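Read off the chains here:
2 protein chains.
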Amino acid sequence: MEEWTVEVHHSKTKKDKPKTDQLEFGRIFTDHMFIMDYSEPVGWHDPRIVPYQPLTIDPSAMTFHYGQSVFEGLKAYHTPDGDIQLFRPEKNLQRLNRSNDRLCIPPVDEAFVLEAIKQLVFLDREWIPTSEGTSLYIRPFIISTEPFIGVAPSHQYKLIVILSPVGAYYKEGINPVKIAVENQYVRAVKGGTGEAKTGGNYAASLKAQELCAQKGFTQVLWLDGVEKKYIEEVGSMNVFFKINGEVITPELNGSILEGVTRNSVIQLLKHWDIPVIEKKVSLDELHEAYMSGTLEEAFGTGTAAVISPIGQLSWEEHDLFINEGNTGKTAKALYDTLTGIQYGREQDPFDWVEIVNEKSAVK
Amino acid sequence: MEEWTVEVHHSKTKKDKPKTDQLEFGRIFTDHMFIMDYSEPVGWHDPRIVPYQPLTIDPSAMTFHYGQSVFEGLKAYHTPDGDIQLFRPEKNLQRLNRSNDRLCIPPVDEAFVLEAIKQLVFLDREWIPTSEGTSLYIRPFIISTEPFIGVAPSHQYKLIVILSPVGAYYKEGINPVKIAVENQYVRAVKGGTGEAKTGGNYAASLKAQELCAQKGFTQVLWLDGVEKKYIEEVGSMNVFFKINGEVITPELNGSILEGVTRNSVIQLLKHWDIPVIEKKVSLDELHEAYMSGTLEEAFGTGTAAVISPIGQLSWEEHDLFINEGNTGKTAKALYDTLTGIQYGREQDPFDWVEIVNEKSAVK
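Quick mapping for you: the protein sequence lines, in order, are chains G and A.
Okay, so the first sequence: first residue is 601 according to this note's numbering, each after it adds one.
Okay, so the second sequence: first residue is 601 according to this note's numbering, each after it adds one.
Since the hints were derived computationally from the structure, they do not count as laboratory data.
Note that this is a predicted model, so its numbers are computed, not measured.
Note that beta-carbon positions come from the ideal geometry of N, C-alpha and C, so glycine has one too.
Heads up, some of the hints might be wrong.
Derived coverage of chain G by chain A (criterion: at least 3 residues anywhere in the stretch with Cβ under 8 Å from a Cβ of chain A; other residues may be distant) [what the hints assert, rightly or not]:
1) 605 to 611
2) 699 to 706
3) 741 to 755
4) 871 to 885
5) 919 to 929
For the chain A half of the interface with chain G, some residues (derived, Cβ under 8 Å), not all of them [what the hints assert, rightly or not]:
6) Gly667
7) Arg739
8) Ile760
9) Ser836
10) Leu883
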């Protein structure tokens, strides 16, 4: 697809941009969106940027019935110098294709879609908010659109990219959250779709999230679906623990999402010579570490929050107050360094950031 | 909602109806559809029948991203007397609300939605095909439409009902199929969404289905996600085995869909004084029965095929040829009786069928 160009249909009107203090997550969208269609035998075709607009889709389209869809999430950041940068976007495109494979969706040309995303971001660059902690959230997603209510992979798809200016995740600084261990509901199981970024995993998580919120918790800690013994994720984030100076995180086992922030945290810790181990982590092991006083920190990692410290972890009669409910040193250092690199305030020794500029717009 | 009426907007044009020999499953839709909206604080509102038409939905609508959707499937049949009947539709509406509960979707008024379905079927009654084995497939589904890309239950939904005339499932009589036991992929796990009729379960099944088809099998036999030892479902059907005169089927355990046909088969067998047992069924147990010559029959049950005999069941080095690859007596009797009741050719001792007539249209 290298020779392809994205056809651009400019929006005739420009929407009002939100004030910084009105920004929340995922409710306001920019002036344009990217669309590309798939049909057989042509494959992916007709890449275009069009004014942000409703989709017109047949009610029998497979996406409404059988959940054959995938998505990604990344951000564009404004640097102090006025540059626009993305953080490891190629990792998101690689994962998109891994998700596609699990869901029987035809693969996309990763380099081409990344160029299209850059072009879209550059076109709507005035929407990237500039104040501390704000960014432009980028949501690529693929839906199955064949008008056929039979259980089979669709022969028609749409890849769409929409953009949403988002506020600072931590308005009053990075704050530890209260987490409940989930004993009844399961997010994913080995052999299922947990490794893919697909709607069904998130749909499955809603009930547990609703019940834990009623009890005053922010998120649930997901255990494995087989033995209900090993830790998998926290809410929709990966999870890390610092025990006796070592950082551990559940190893990728087929039911855990391979987070871009997770991968970046592991690399940063190695860079800092802090021991980091990917392995099975049992709830028992965590409890023992807590009782012996060696559970130093716990935190979730994800694109939205970057680092989310866990101040309390509760199940049955157990309430673990980790680091006395405060943000740990490692979590804080990771947050500062990752956001520092993302916003261009710190050096990027890993070549993680990618600049979006006028070159993106003239492909 | 009892006092509500469905507003009807008649289609100005009528589409050509397919010839019986052109009928396949789920590709052709009738002239009208039913829609009802949900928003807060009003709840479900504005029930209406409108010409079949594309939906106009914001690209940020939650249904495209987080899989919060449910559906149902049932059929309308023409009787030899020219009546139109539904088969146990209240069971589908009850299950819809159970699925809603698992997916955090607000419940619907089951009686009202059933009336709306009858009204829609009656309006488009000319679309119900009349030849042997054909019917009108009814697909109610609910999608989450709030324009918000955050992981949380939506505050806006649409319930939609579309109708599709479908051909005979068995064009040349009821035929046994070849089934492969699935060892790698998992459809659902206890604590997940397997009990609910939601897209994610079907999305998760596509990969295994694709791989087994490449090896010449029709469907996979799903094992439990925990021990990979116990039988759960076959393809998107429930499954039954006849061993030494007794019929057994996997007990409902939280990861198995409670099929309306499954329930009807159990009731029919009891009515016939054939022993029927719901219990855990291991693959080992099945293999032993086969080796000792007591595995008499195996068949799937579902709305589309009604009864689907299993002629061959294969895994690793094992190939079980059940009943020498022929349709068993029990499967045949169940198929004949169930379709007999559904099409009004046989007496209905269970009060299963519900007539759709002009009363449905003047609510």
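Verdict on chain A covering the segment 919 to 929 of chain G, where coverage means 3 or more residues with a C-beta closer than 8 Å: violated (count 0)
Hinted contact Ile760/A with chain G - closest CB pair below 8 Å: Holds. Min distance 5 Å.
Interface hint compliance - Arg739/A to chain G, C-beta minimum distance less than 8 Å: Given a least distance of 6 Å, the restraint on Arg739/A holds.
Leu883/A as an interface hint toward chain G, with CB separation required under 8 Å: This hint is violated: Leu883/A lies away from chain G, its Cβ roughly 15 Å from the closest one there, beyond 8 Å.
Ser836/A as chain G interface residue, shortest Cβ-Cβ below 8 Å: holds (6 Å)
Residues of the segment 605 to 611 of chain G with Cβ under 8 Å from chain A, three needed, outcome: violated (count 0)
Within 8 Å of chain A (C-beta), three or more residues of the segment 871 to 885 of chain G: Violated: only 0 residues of the segment 871 to 885 of chain G have a Cβ under 8 Å from chain A.
Hinted contact Gly667/A with chain G - closest CB pair below 8 Å: For Gly667/A, the interface hint holds, since the closest Cβ of chain G sits about 3 Å away, which is under 8 Å.
Residues of the segment 699 to 706 of chain G with Cβ under 8 Å from chain A, three needed, outcome: With 3 residues close enough to chain A, the hint holds.
Coverage claim, chain A over the segment 741 to 755 of chain G, checked by counting residues with Cβ within 8 Å (three needed): holds (count 9)
Consistency note: the structure conflicts with the earlier hints numbered 1, 4, 5, 10.
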